[in-house]
Amino acid sequence: MRVKTTIALAVCLLFSSCFLSRGHQNLPLAAEAYASLRPGESTAIDATEVLGAPSEVVELGNGSAWRYEYAQVKRTGLFLLVFGFLNEDTQSDRIWLFFDADGTLVNAAATFEAERAEWESPWSGDE
Amino acid sequence: MSAHVRTIVVALAAAWSSGCVQFTWTNAHRGRPLGAERVEWALDARPDLTTALAELGAPHVVRRVEGPDDSDLGTELLWVWRRAEGFNLSGSVPFDNGGSASVQFGQSNTDFEGLRLAFDANGLFVRGTSGVVAREEPGLDLPL
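Residue numbers (the numbering used here), protein chains in the order written: chain A, 1349 to 1475; chain B, 23 to 166.
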């Protein structure tokens, strides 16, 4: 009985500092809103109506590029006395819209990976 | 237990209980690698801007490429990803009035890997490179 109690206390002590956390940057992007934009037809005004204000505007020589981004980070931590083991996985949804000098959408690209962020053990390897 | 071992254990316990010393192993992932096949395709096929966006998805960084006389040479796209792991030792000493001093020793790869493609003003492929991308490069300093 005494041994079991000792083991239980030791386990509680060792694993008392585990955590899982999740962080976000910006609001999630709507894939449907992105899909409603048509190169050659949609304008910068259309983009702001369905996606809101961009996170970044890059001035290009013959137009501009707008970035929309939502990022999610999942962290796993385990602290054993003075030793800490941390894992952090950051993934993002990104949309880039390229407009010509008249504000007409000429190119667009989207990548949706934020939901693929995972809580993994600190010693997990690459995929 | 020898005297030396006892001393080490007590010192570690004291440092830990006061939060002064922390050894940390960190494994950090950011972004998904494009994959060797897609990188090789981008460098060999020399796609135009529209095709590159369609095949590779949204880049992380878009920037204007300027000539020496501030003329517009085109657009550069950068896709990045990172798999960093490393060991870190940090120590801190508390002072009066809530202040503290800390020092960190670490060994980890904090640079990114990436694919960089440049296009002229008409969206035609100019050049492409892949490999290490310095963490200090503008556009890679997301707060997360």
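Keep in mind the hints are simulated off the structure, nothing from the lab.
Built from N, CA and C at the ideal position, the CB exists for glycine as well.
Mixed in with the good hints there might be a few duds.
Unchecked claim - Simulated DEER-style distance windows between Cβ atoms:
1. B/HIS26 to A/LEU1428: 21 to 29 Å
2. B/ASP66 to A/SER1403: 42 to 50 Å
3. A/GLY1400 to B/ALA58: 53 to 61 Å
4. A/LEU1368 to B/VAL43: 23 to 31 Å
5. A/GLY1388 to B/GLY57: 26 to 34 Å
6. A/CYS1366 to B/GLU159: 31 to 39 Å
7. B/GLY153 to A/ALA1356: 28 to 36 Å
8. B/GLY161 to A/THR1396: 21 to 29 Å
9. B/GLY153 to A/GLY1400: 29 to 37 Å
10. A/VAL1351 to B/HIS26: 23 to 31 Å
11. A/ALA1356 to B/ARG157: 43 to 51 Å
12. B/GLU88 to A/TRP1471: 26 to 34 Å
Stated by the list, open to error - Not everything, but these chain A residues come out facing chain B in the computed CB check (under 10 Å):
13. PHE1367
14. ALA1401
15. GLU1404
16. THR1438
17. TRP1444
These are the hints, each one checked on the structure:
no. : hint                              : verdict
1   : B/HIS26 to A/LEU1428: 21 to 29 Å  : 22 Å, holds
2   : B/ASP66 to A/SER1403: 42 to 50 Å  : 32 Å, violated
3   : A/GLY1400 to B/ALA58: 53 to 61 Å  : 36 Å, violated
4   : A/LEU1368 to B/VAL43: 23 to 31 Å  : 25 Å, holds
5   : A/GLY1388 to B/GLY57: 26 to 34 Å  : 30 Å, holds
6   : A/CYS1366 to B/GLU159: 31 to 39 Å : 35 Å, holds
7   : B/GLY153 to A/ALA1356: 28 to 36 Å : 51 Å, violated
8   : B/GLY161 to A/THR1396: 21 to 29 Å : 22 Å, holds
9   : B/GLY153 to A/GLY1400: 29 to 37 Å : 35 Å, holds
10  : A/VAL1351 to B/HIS26: 23 to 31 Å  : 28 Å, holds
11  : A/ALA1356 to B/ARG157: 43 to 51 Å : 44 Å, holds
12  : B/GLU88 to A/TRP1471: 26 to 34 Å  : 45 Å, violated
13  : PHE1367                           : 14 Å, violated
14  : ALA1401                           : 17 Å, violated
15  : GLU1404                           : 8 Å, holds
16  : THR1438                           : 4 Å, holds
17  : TRP1444                           : 5 Å, holds
Comparing the model with each earlier hint shows violations of hints 2, 3, 7, 12, 13, 14; every other hint is respected.
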